[in-house]
Amino acid sequence: MKKVLAILLAALLLFSLTACGEDAKTPETEPVTEEAVTEEAEPAEAAEDVTAEEEPEVAPEEEAEAPEEAEAEEEAEEEAPEEEPAAETSEAEEAPEEEAGAEETEAYVDYSAKSEGVMTYAEYAAAALDDEVTVEVFVQAHQSWWQDKVTVYAADPDGAYFIYELACSEEDAEKLVPGTKIKVNGYKAEWSGEVEIADATFEFCEEGSGYIAFPTDVTALLGTDDLELYMNDYVTFTGLTVAPSKDADGNELPYLYNWDGSGEPGNDLYFNVEVNGSVYTFTVESYLCGQDTEVYQAVEGLEIGEVINAMGFLYWYEGPNPHITTVIDASDLPIAKSEGVMSWFEYNEAEIDSEVTIEAYVMDTQSWWEDKITVYAEDPYGAYFIYNMACSEEDAENLTPGTKIKVTGYKAEWSGEVEIADATFEFVDDDSSAFNSVLPVDVTRLLGKDALAKYMNRYVGFSNVTVVPSKDADGNELPFLYNWDGSGAPGNDLYFTVKAGEGEYSFVVESYLRGEDTDVYKAVEALEIGDVLNLSGYLYWYEGPNPHIISVEVLTSAAE
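First residue of the sequence shown? That's 1 in the numbering used here, and the numbers climb one at a time after it.
Hints may contain errors.
[Claimed, not checked] Simulated DEER-style distance windows between Cβ atoms:
#1 V177 - D353: 50 to 58 Å
#2 G193 - I304: 25 to 33 Å
#3 F204 - E228: 24 to 32 Å
[Claimed, not checked] DMTMM-like, lysine to aspartate or glutamate: derived pairs with alpha carbons at most 20 Å apart:
#4 K183 - E203
#5 K149 - E171
#6 K188 - D130
#7 K149 - D172
#8 K183 - D130
#9 K499 - E525
#10 K175 - E194
#11 K406 - D371
#12 K181 - E170
#13 K449 - E502
Note that these hints are calculated values from the structure, not bench results. All values reported here derive from a predicted model rather than from experimental measurement. Just so it is clear, CB atoms sit at the ideal spot from N, CA and C, and this is done for glycine as well.
Can you build the whole structure from these sequences, using the hints too?
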C-alpha cells in the first residue's frame, strides 16, 4: 500500500538505513558471559491503574473552557461546545488525510493472513517451549549462509521471529531477500532469554511477499519488563550517549571487538550506551553486518560521549542485546535545550503543580479560542500536552507543525492526563525547527499494560484493531457515538470502541482537533461494526488511554 511504503521511505530517509554485508563465516559465536550483560534500569513505577474499557463519567477535558481546577473544568464542559467555534483545520493539517483518502483505490494486502494450519503470531507466542510450530513470515534480514544453514530475522505485522540456523541451500539463501514470504516449520526454543525457532525447514510462499517492517521507537521501554514484548522486532533507539566499555585490562574504550575486547577487526562489535542514567550493551553482529558495512565502520568511529541514534533487531541475551544495523550521529537532531530549560526527563520527574519550562516542537493544535490554544508537542524523548496556552490569534496561525516553542507553565494532572497548564510561550528561532517528520510509534501491544503510559501524549499508531459496538444511554449498539454517551450531534466529539487482543478501548476524534469537515471525522462516521483498522493519533489520557485519533485506514470492511 502507498501508506506503508511512504512510512517506510520516511523511516529510511530519516535514519539513513544501510544494507548489511555478509561474511562467509560460521554463524556460531562465542557466548557472552554475564559480565557483558546489559545494566538495566530499575523498572519504572507502574502507571495509575485504570480500566481502559470504562466509559468516562464526564466529557473529556478539552470541552472545558480553561478551568484552573477540575471542578471548574467540569462546569464548563457543557457550555464549551456551544460557545467554542467549530474545529477548523489548516491545509497543512488536512494534507495527510487527503493522501489517506487517495489510498482507498488501492487494494489492501492482508499481510497478517495465514494459510490453513499455520499459526498466527499470537498462537506462536502462546506455544510452549519445545512445541512444534509452523509459521508464515516475511524475511527482514539474514546472517551469513554457512554449511547449508542460515539464521533469519523475520516478521509479520503482529510480531517478529528469530529463526536460528534454518536448513537452507546456498542457492535458496540468495533468494531470501527482505520482504520474501516463507513458511517455516520447526520447534520453539529459548537460549539465555532469546525466544527463537530452531531445527527448522522452510518453503517459499508463491504469493503475498512484500511486507517490510518499519522500526518502532522503544527507547522509553528500556529498563522495563515490557521491552520484551518487542523481542526480535526491528526497533529504534533515540538519543543514546556512547558510554565507556572496559576490556579485560580495565581500559575504557568506545567499543570492543568481542564482548571482552579479546577480538580483532571482523569480529562482533560491542558498545555501551547511556540513556537517562542507565547503561545498555548493543552489538554489531558480524555475520549480519560485516566489517565492510557502514554500520560496522560507524561503530569503529564512535567516541565516548557522542550522541547517536541506532536501529536494529531486538535480540535478547540475559536481557536486551540488540543487533544493530544502523548508527547515525544525532548531534544535529533537536535534542539540546537552552539554558534553564528542562530536558524531557527532568520535566517527567517534576512534581505536579510545580513550575516547568520546556522547549518542544508543535505537532498539532486544537482550535484557537478567546486568546487560548491547546497544543500537542514533542521532542525526541517524549511529548507534552499544553492545555489552553495563552496565545493571540495571529500567533496561533504560526504554530504550524515543526515550529519550536519555549513554554513556561505549571505541570498539572486531570483524570490521569499529565499536561502543562496556565502556560505562556515564545517562538524559538533556530535551525532545528523541523521536528514534524516524526513517525507514529506502534503501541498496539502495550494496550492494557502499565508501560503504555510512558508514551502519553506522543504521536502513536494502533494496527489491526477491530470496531466493536459502542452503547448509547439507551443501550443501542452503534459503531460510533456523538459524545461519549451518544447525547451529541454531528460536530461534537466522536467516540468509538475497538478491540485489540482481549481488551476493548475507547478512542476519540476530538472535534476541536479534527472537525466534521475533515477526512478522519467522515471516516469514523462511515465505520461499521467489524471493520478492521489502522489508526494514528495522540495518546491523550482520561482514566486510561483515550487517544485523539487523526487518521483512520480501513483495512477490511465488515460490509464486504
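For each hint, the structure was consulted:
no.	hint	result
1	V177 - D353: 50 to 58 Å	holds, 56 Å
2	G193 - I304: 25 to 33 Å	holds, 28 Å
3	F204 - E228: 24 to 32 Å	holds, 31 Å
4	K183 - E203	holds, 5 Å
5	K149 - E171	holds, 11 Å
6	K188 - D130	holds, 5 Å
7	K149 - D172	holds, 10 Å
8	K183 - D130	holds, 19 Å
9	K499 - E525	holds, 18 Å
10	K175 - E194	violated, 26 Å
11	K406 - D371	holds, 18 Å
12	K181 - E170	holds, 18 Å
13	K449 - E502	holds, 12 Å
Checked against the numbered hints given earlier, the structure breaks only hint 10 and satisfies all the rest.
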